[in-house]
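Take the given structure of chain D and dock chain V to it, following the hints.
The lines below spell out each chain.
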Amino acid sequence: MSAPLLRLEGVHTHIGAYHILHGVDLDVAQGELTVLLGRNGAGKTTTLRTIMGLWQASQGSIRFDGEDIGACRTPEIAQHGIAYVPENMGIFADLTVCENMLLAARGARRAQDIDERRLTWIFGLFPALQKFWQHPAGLLSGGQKQMLAVARAIVEPRKLLLVDEPSKGLAPAIIQNMIAAFRELKQTDTTILLVEQNFHFARQLGDRVAVMDDGRIVHSGAMAELAEDEDLQQRLLGLSLAAHQ
Amino acid sequence: MLNRLFSGDLPRSRMLTLLLIAIVAGLALVPFIFPGAKAINVAAKICVFIVLVASFDLLLGYTGIVSFAHTMFFGIGAYGVSIALTRMGPTWAAVAAGIAAALAMSLVLSLLIGLFSLRVKAIFYAMITLAVASAFQTFASQMSEITGGEDGLSFKVPELLRHGFALSDQPFLGVSLDGKLISYYLLFAVSVVLFLLMLRIVNSPFGRVLQAIRENDFRAEALGYRTVVYRTLSNVLSAGFATLAGVLLALWLRYNGPDTSLSFEIMIDILLMVVIGGMGTMYGAVVGATLFVIAQNYLQDLMKLASDAANGIPLLSNLVHPDRWLLWLGILFVVSVYRFPTGIVGKLRAKVLGKP
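If you read the protein sequences in the order shown, they are chains D and V.
Numbered by the numbering used here, the letters in the first sequence go through residues 1 to 245 in order.
Numbered by the numbering used here, the letters in the second sequence go through residues 246 to 601 in order.
Hint data in this document are derived by calculation from the structure and do not stem from the laboratory.
The beta-carbon is built from N, C-alpha and C at its ideal position, and this holds for glycine as well.
There could be a bad hint or two in this list.
To be verified - In silico EDC-like pairs for lysine to aspartate or glutamate, Cα to Cα no more than 20 Å straight-line:
id, chain 1, residue 1, chain 2, residue 2
1, D, LYS168, D, GLU156
2, V, LYS283, V, ASP423
3, V, LYS596, D, ASP94
4, V, LYS592, D, ASP94
5, D, LYS186, D, ASP27
Unchecked claim - Some chain V residues near chain D, calculated using beta-carbon distances under 8 Å:
id, residue
6, ALA338
7, ARG453
8, VAL454
9, GLU460
10, ASN461
11, PHE463
12, ARG464
13, ALA467
14, TYR543
15, GLN545
Bound conformation, chain V alone:
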């Protein structure tokens, strides 16, 4: 049963299993364990990024395609529901229309980029995607009548997801059963389903061919596989999942703008999360996204505690001052990449593989 749910791709390491159980249990129980707006916002962001990073891993880790247009598809998803909800009003029909339109646009764009660009060498493909993504970001900013320009769009969501909506007057285990809680669990459930779906894809015969192409596309062709078709399909699937991650983000934030879903900073974050978690492992997306988002949100708080404790020690208190959190975040990533060159999941799994 469990083996089927995980498509036969279980963590294969006791340490990794424990880590994943802790992350999933933490995400599932966040509203009850850590009350307060920040914790639930961080948990929601982790769920969205798990889907987004896993979808990028499908492309980079499993197919060996380096694309910088991933945030474009993420943005298309976020803008799709934002525009639909702004124009059609806060209804589920608007959500469905936004998702359908965004998926259709991502499908067409990813198909075109794939068919026209995946025949060229990897570095040129990366450059093409970078150019397309930059052009799209500018386009989104300038089409202010539709997209809200630099200010973005704030919109209302269907009533069930509004913070003011109350499912019951009585709190459950001290937590109000309101629209925010429903939104969070909807986001959590959809993220779990999307992740398991991606796990199924990479462990299917199709996923096996993608991995073969990543290792050596000539050999894959010699076995009878049309690599351009498989690469393009991988591009389309990856774009589709990134679009759905964008939808989830917009529904959670009830706002979307160019910096929220289209910025190049997000692309760099995704790359770091994939590398830290472990490329070509899927579970790496869970570990990488969780560690990165937590570090991004709590490192400053942690450093404030350290700075207060080191008060009076001239150099040390300056060094751990909360304003220097980005420096420490950078150092942490350099150390983690140095310590785990195949990512945390790659390292943990390598320990259980013995040479025959």
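One chain only, chain D, in its complex shape:
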């Protein structure tokens, strides 16, 4: 495993009276795609939101690219080069596809100001976005909204992408498109931390995997190991890959 770009050590998060994360230890290696797996309510989304500063960690340290970002506010964390794709297609529905992209392309006033090569590459990944470029994002289908959310995160080069359940609620054909897009994204050496419940989706993309349960990391290792070990899958996730296919 290469040097970690992101390291969480003993991270605890409280939301109101609830203690959600109970000392999360997680490394995300540079240039790899790490999948965070776990059942509903295990603390996966809370982990991403805590990294992003949307919920403050009450204890522990979060180091990104050698800097402690645990006390930083969300906008500062984003400015460090971390992009966040929230679950449920986190787009701005009243704005057009173009305006959504411009929001993430800091310094671009108009579409012409976005790096043309990068935009062409994004249109190659998600052709629907080019077609509906001037349409309000709220009128797109679920799959197209998810594509837009991912495209917005990569419209500028980022050091780390945090992606929360990109396959949630999508039709199988769209999921295959999404897998192809992430595979291509991996070729660019982008570091990705992906939260997933869909193991079939996760195993096709992940270099490494961390499994969460009850606010803790209960397993971490290579995805290939977990994909081959049905007993381990059964023990950690309550399923086997064979049953899932």
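Below, chain V alone, put in the same frame as chain D:
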């Protein structure tokens, strides 16, 4: 050229384009088409309210901030020039000093309210602004030595704007070229410029961020935007434009008092105009302000005609009696909000947007 003038935000609906052309042409030609004091007064009020409602829409429709202190800034503008002209005499220097002082006061107040209050939840912010606005209204009434108290201030305007001033002895197309006409066209031109400036702001990258914050401030923060800074800036800009609208009103009326520019009734009128026109559209301010002010001023006359026509029909003549104009105004608004939940402009624009 036209696209640049409107900052790339054209009406996008043929019906809306025609409606806007009719309103602007009507306002531009009022002194020539409808002679008489009432028509020009109504047109001037429409111009002032277009600026005021658009400035409120910048805050409510584009940023999602509910504020009840908007009339306070409107009042600060009106009191700024009123006090300056009363104390310094009817000169352009007094007008400039009044505008500068009013803008400075609005800037400081809006900045303070924004920085201290915009971190709290929307409902608490609305309550804070309501309290501040009420306190300011009481303050203005009690500082009678400066503000004229409940009686307000009547003052003289620079000579060019006085009704007695004549640009030419010869009327043009039957209309006297006097100070009143100059005042009206000055007000009209300034309103157009201020409106186009606001249109430019909401269609700039800054405006895009405001809309993102309105939809979901967490997502906007996750993209790297400091939402408190943007909300505060929106608050300051909106207050600045409301202040300038107050200046225009005071210069037109040559009078200002608490009921003219600070009353809570004006705040409710602004809210209705925004909702009827369509929130977050800017053009909604033009349509909403025009329909509302016209209804406020001419519904009674219209009902008098209807009442005379229905004379002898016992229930109907009573129902459409001019004294009941407020009831009918209320019914009209309920119907329009029911019929156009996204406002007239929202409805007209929705028709041209197709689902991909």
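Evaluated hints:
no. : hint                : in the structure
1   : LYS168/D x GLU156/D : violated, 24 Å
2   : LYS283/V x ASP423/V : holds, 16 Å
3   : LYS596/V x ASP94/D  : holds, 15 Å
4   : LYS592/V x ASP94/D  : holds, 14 Å
5   : LYS186/D x ASP27/D  : holds, 18 Å
6   : ALA338              : violated, 39 Å
7   : ARG453              : holds, 6 Å
8   : VAL454              : holds, 7 Å
9   : GLU460              : holds, 5 Å
10  : ASN461              : holds, 7 Å
11  : PHE463              : holds, 6 Å
12  : ARG464              : holds, 5 Å
13  : ALA467              : holds, 4 Å
14  : TYR543              : violated, 35 Å
15  : GLN545              : violated, 38 Å
Violated hints, in rising order: 1, 6, 14 and 15; the structure is consistent with all others.
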